[in-house]
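From first to last, the protein sequence lines are chains C and R. Under the numbering used here, think of the first position of the first sequence as 1, with each following residue one higher. Under the numbering used here, think of the first position of the second sequence as 1, with each following residue one higher.
Hint data in this document are derived by calculation from the structure and do not stem from the laboratory. Heads up, a few of these hints could be off.
As the list makes no split between identical chains, a pair holds if one copy fits it or if it spans any two.
[To be verified] Mimicking DSSO-like on lysine-lysine, the simulated pairs with C-alpha atoms at most 27 Å apart in a straight line are:
1) 19 / 153
2) 32 / 19
3) 193 / 57
4) 19 / 193
5) 57 / 153
6) 57 / 32
7) 57 / 88
8) 100 / 19
9) 100 / 88
10) 153 / 100
Protein chains: 2
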Amino acid sequence: MTDPNRLTQQLRFFAEIDKLKTVFRQTWLLDKSRRENDAEHSWHLGLIAMLLFEYAKDDGVDLLRVLKMVLVHDVVEIDAGDTFAYDKVGVRDQAERERKAADRVFGLLPADQAAEFRALWEEFDARGTPEARYAAALDRFQPLMHNYLTEGKAWRQHGVTADQVLARNAPMADGAPALWAHAEEIIRDAVAKGYLAGPAWQSGERD
Amino acid sequence: MTDPNRLTQQLRFFAEIDKLKTVFRQTWLLDKSRRENDAEHSWHLGLIAMLLFEYAKDDGVDLLRVLKMVLVHDVVEIDAGDTFAYDKVGVRDQAERERKAADRVFGLLPADQAAEFRALWEEFDARGTPEARYAAALDRFQPLMHNYLTEGKAWRQHGVTADQVLARNAPMADGAPALWAHAEEIIRDAVAKGYLAGPAWQSGERD
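One chain only, chain C, in its complex shape:
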């Protein structure tokens, strides 16, 4: 028998997460018409997790857990908002904002599912498993590709430099080394084409 209270809780979560469609990221759609929202981004990650699975670093990665993680990974941003990877101020309290958001949003669920969904989000965030490292690699690779394919639109808007992009994306090597190798090529090419400012140490900002 269906437990009506349980279903009610589940449907409250169902409705709550609709808000993720209105949380916008810094990444632009490839047609440059607008920025991407978290829900679309999560779908894109899911599909490329399937598409690029052969590049996962470790053997025996559980694709089901990867898909669950990428579908859940941004849900906390309903309350916490999207924190741009290169936002030095925003990242300071990001963990605290997201923890509170997780308490509230996953707290809508029946206890067993609250625990399950929260564990997936924490696993993704900690990058301690092969699945999380592969998922995190995709979460970096996708916006990098979007930046490259939009001639560096978000990079330029925020004055991001190649050394920042290299540092931010290097953990890709832990989850999908072949994608990181491709990413390094793309970053070099983006600098050559002027989509991305060269490393700060080349421009004399560091000595």
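For this one, chain C is given, so just place chain R on it according to the hints.
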């Protein structure tokens, strides 16, 4: 070793599917700010496939295949567009439009993946497996909930009646009977609240 041609094909598909973020459905977001796009919809289905898995009709449903199907199921709409479920003209050539779209869009992939992705889409469409029936039930349940929670916004805009909604959604019973039971309650309540026109046979349109 990474095969650069293979990766190039995969990344062409990666970029192509970004267009799904600009294919709009008739369903409204719950805040009624705008209609939902196919990419967001597919993400929402993925998350509720996890959330509502206990209501899948058959034992032993493979959630991984369900998630793969829901992530892929609307990709053909990049070319074919979204066909509103109650659009009597649009549905006439829907299958043909979608078949052509599948040829082109999945044709961007390396042959093995083109076959895999196309098979998932065809499986979803045919509703011949427990996984496809569960996925198809979610694909009906989600817009039904959105219509209900937006006071019938899309139903009213298109003059949809309760008998049409019942007929359209009845296959939900084959994939997730408990969700269908809840859907029937919702449809009754939507009629009572005036979100949805009563069955046509009640209004004298049929005799």
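These are the hints, each one checked on the structure:
no. : hint      : verdict
1   : 19 / 153  : both (25 Å within a copy, 18 Å between copies)
2   : 32 / 19   : both (22 Å within a copy, 11 Å between copies)
3   : 193 / 57  : neither (30 Å within a copy, 54 Å between copies)
4   : 19 / 193  : between (37 Å within a copy, 25 Å between copies)
5   : 57 / 153  : neither (30 Å within a copy, 47 Å between copies)
6   : 57 / 32   : neither (32 Å within a copy, 42 Å between copies)
7   : 57 / 88   : neither (30 Å within a copy, 49 Å between copies)
8   : 100 / 19  : within (17 Å within a copy, 34 Å between copies)
9   : 100 / 88  : within (20 Å within a copy, 47 Å between copies)
10  : 153 / 100 : neither (32 Å within a copy, 33 Å between copies)
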